[in-house]
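**Student:** Since the structure of chain A is already known, use the hints to place chain B on it.
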Amino acid sequence: MKSLFTFLLCLAPFLAEAKLKVVATTPDLGALAREIGGDKVEVTTLARPTEDPHFVDAKPSFIVKLNRADALIEGGAELEAGWLASLLTGARNPKLDAGGPGRVVCSRGIHFLDVPATLDRAKGDIHAAGNPHYLLDPANAKIVAGNIAEAFCALDDGSCEIFRANLKKFSSQLDVRLAEWLKLLAPFAGQRILAYHDSWPYFAHRFGVKIDLFLEPKPGIPPSPAHLAEVIARMKAEKVRVIFVEPYLNRRSAETVARNTGATVLDVAHFPGGVKGTEGGYLQLFDHLVRSLAVAFGGTTAAASQVVSPR
Amino acid sequence: MKTNNLIRWSAALGVSVTLLQAQATNEVELIKRQLRQSQEAFEKAVEQHRQVINGLFRRLEAVQASQGGVVTAAPPATARLSGTSPAVSGAAAAGKSPWSASQPITLARSGPAYMNISFGALVNAGWSTASDPSAQLNLGDHDPIQRGFLLRNAEIAFDGAVDPYFKGAANIVFKLDKDQGTGVELEEVFLQSTSLPANLQLKGGQFYAAFGRQNPQHPHAWGFVDQPLVLNRAFGPDGLRNIGGQLSWLAPTPFYSELFLGVFNGQSGQAFSFRNPGEPDAAGVDRFHGRMTTHRELRGPGDLLFVPRAASSFELTDQQTLVLGASAAFGPNDTGPGRRTQIYGADAYWKWKPARAHGGFPFVSWQTEALYRRFEAGEDLPAVMPLPAETLRDYGFYSQVMWGFKPRWIAGLRGEYVTGSTGAFDAMDIFRGDRSRVSPNLTWLISEFSKVRLQYNHDHGQYFGIAHSVWVQLEFSLGAHGAHPF
Chain A
1 MKSLFTFLLC LAPFLAEAKL KVVATTPDLG ALAREIGGDK VEVTTLARPT
51 EDPHFVDAKP SFIVKLNRAD ALIEGGAELE AGWLASLLTG ARNPKLDAGG
101 PGRVVCSRGI HFLDVPATLD RAKGDIHAAG NPHYLLDPAN AKIVAGNIAE
151 AFCALDDGSC EIFRANLKKF SSQLDVRLAE WLKLLAPFAG QRILAYHDSW
201 PYFAHRFGVK IDLFLEPKPG IPPSPAHLAE VIARMKAEKV RVIFVEPYLN
251 RRSAETVARN TGATVLDVAH FPGGVKGTEG GYLQLFDHLV RSLAVAFGGT
301 TAAASQVVSP R
Chain B
1 MKTNNLIRWS AALGVSVTLL QAQATNEVEL IKRQLRQSQE AFEKAVEQHR
51 QVINGLFRRL EAVQASQGGV VTAAPPATAR LSGTSPAVSG AAAAGKSPWS
101 ASQPITLARS GPAYMNISFG ALVNAGWSTA SDPSAQLNLG DHDPIQRGFL
151 LRNAEIAFDG AVDPYFKGAA NIVFKLDKDQ GTGVELEEVF LQSTSLPANL
201 QLKGGQFYAA FGRQNPQHPH AWGFVDQPLV LNRAFGPDGL RNIGGQLSWL
251 APTPFYSELF LGVFNGQSGQ AFSFRNPGEP DAAGVDRFHG RMTTHRELRG
301 PGDLLFVPRA ASSFELTDQQ TLVLGASAAF GPNDTGPGRR TQIYGADAYW
351 KWKPARAHGG FPFVSWQTEA LYRRFEAGED LPAVMPLPAE TLRDYGFYSQ
401 VMWGFKPRWI AGLRGEYVTG STGAFDAMDI FRGDRSRVSP NLTWLISEFS
451 KVRLQYNHDH GQYFGIAHSV WVQLEFSLGA HGAHPF
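From first to last, the protein sequence lines stand for chains A and B. Under the numbering used here, the first residue of the first sequence carries the number 1, and numbering increases by one thereafter. Under the numbering used here, the first residue of the second sequence carries the number 1, and numbering increases by one thereafter.
Chain A on its own, in the form it takes in the complex (with noise of 0.2 Å):
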């Protein structure tokens, strides 16, 4: 009896140690899964920072990464529907299985945008459940951020603590930047911005932007030189000042259309890391956005400095 104490004694900080293995479908998630696991999770993301979410090839090795995997965390909204589905039938994970404690779908409790009412790809591609870009509204973090914690406390009690811990502190600071991040920009509540996707309906709904003005003429068809033009003159109209850009995208028919109407192309991304100096995380990353549209906007750098407390 007492040699079975001093044994489990011994154990007790490999135990303590043993860290919970997360893969995260996108960089934004593992971001948040970060936040609120700390050094008590080790997180693997799938997809690069600066890659197209829609178009990831369904490498062996992630079939390796989530056949090892403790949690899944996912969007939940199909962005991921073209590459996760064959990767986890060959990573034969049962903690992974649909509806089990390790399948985090973060996409609970989202209010969805653009759902749409019939399917029709002559619409273009678009997404059955709505636009999968939700978080690019950073209340909806606070959502996805309390999905994972919840997820974590199920698999690690004994960590559970922590994850609140961390959960309480990451919407604290949430609360403190979205506000500072909507006082930033609400001297330009209702300017246009042109992107090249229809990615940012959440982004534009949480502050009081347009953005709905696409070099894609449909969700997934290229620009023709017919669309650009009618952008270009809509955008003269509505003088239009801000052009978004993903990393992965070809800046060149951005650029086209800067020249002819004097805007500025913003390089921006949904992931942390996916431009340069948002590598910190979810805050950095919204900062980063903020800061640089509201300078694109207008703003002067100072200004915009001044309100965001750099991290």
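Keep in mind that the hints are not guaranteed to be accurate.
[Stated by the list, open to error] Stretch by stretch, here's where chain B covers chain A in the computed footprint (C-beta under 8 Å, at least three residues):
| # | region |
| --- | --- |
| 1 | 41-53 |
| 2 | 62-73 |
| 3 | 210-223 |
| 4 | 266-278 |
Note that these hints are calculated values from the structure, not bench results. Where a beta carbon is used, it is the ideal one built from N, C-alpha and C, also for glycine.
**Tutor:** For chain B alone, coordinates are given in the frame of chain A:
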């Protein structure tokens, strides 16, 4: 005082209502409809959760009562309703309120389905210097087999989770023959386990054997219009596809390694080099490689077709992936008693895709397979031209490079060579003899769901000399198709 307040609030409300009315009526209708849908879904979900919560609470009460404890918390019976901006109220509720935003309340989700259903068609058109391409040039079942127009692959695919233990899939292929008759093939129907222990996985049914890289792929996933010659030689027009089972194991190596063992009946033209009756000759006698075939029932497990495979994958860099594989197939053939066939294959696939790829472009991939077949042909002495028992040895390879040089455009180049030892029947056997083929092609993906491919084939064969062919292929797909493996 109270009345005053009420009036003030009503006035404020009235102002906001007026503001709302100022908006376009169609938008109002749209929002009303979405709101109604959302509310219905929300209330349904809330009701479900209320039932769950109440059930749990009753259980808690029962357990605590049996332990002599006291019920401390009141049941959180009501959910806080969100306002016009659910994201904000959801976030606010994520804190301490009884209703957690992280509870699965799904608002206005559309199109939940138990399975993916898709339809895909490959329509070909083209011309060849050979008047009948199906005679010698294009022996694959989905290949362009005649000049002009053809439709050799219209496929209905189903896949989904059967239950928590299995995934199921089926592929039914329709094709138009030369005489416009419709051929139907139950190409694949299989069940795949999802919850076996020890990293094992079972597959059972009718399916493509895991031999090499291209054999298990459906034609819409191929890089070229036609089947590689070496696969056609070893596995016949349909590829190696049979009824049976397969056990696979994901090895605990730091890189991806998987071992497969397939066991099949090994019967029919879909097990071409094995218990295949072959084609009837002018006299109606079934022959394969010239020999009269004898159908035999299974005498023991040794008469089954065994297909082992090992595959590994390595991340050479962050942007380069390599997959290597080695496969084999062993089983009896029908050309004589005790006659057996062995096929060995090696395959490699390499792909480069940069960190800033858009829509999967640009990329470069290289795919190569080499196969060797040892076929113990039986003797056929009563034949018009008596054939001795002999061992036929065939081998060949193909190598192809696909270059996605700009979004939606892929240029491809494939080179192939097949040959074999001389056999007593070679002079008339279209599935033997030296052949080589060079095929450049260009593919334009009009969208994710349609594509056009233009391919030129320069064929050289021992039995037919040189042939030139140009084929155009149009593909479209409808519905939801399961994700393809790497």
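**Student:** If a hint holds in the structure, say so; if it doesn't, say that too.
**Tutor:** Tested hints:
1. 41-53: holds (count 4)
2. 62-73: As far as the region 62-73 of chain A goes, the hint holds, because 3 residues have Cβ atoms under 8 Å from chain B.
3. 210-223: With 3 residues in contact (Cβ-Cβ under 8 Å with chain B), the coverage given for the region 210-223 of chain A holds.
4. 266-278: Our answer is that it is violated, as 0 residues pass the Cβ test (under 8 Å) against chain B, missing three.
Against the hints set out earlier in the document, a violation occurs for number 4 only.
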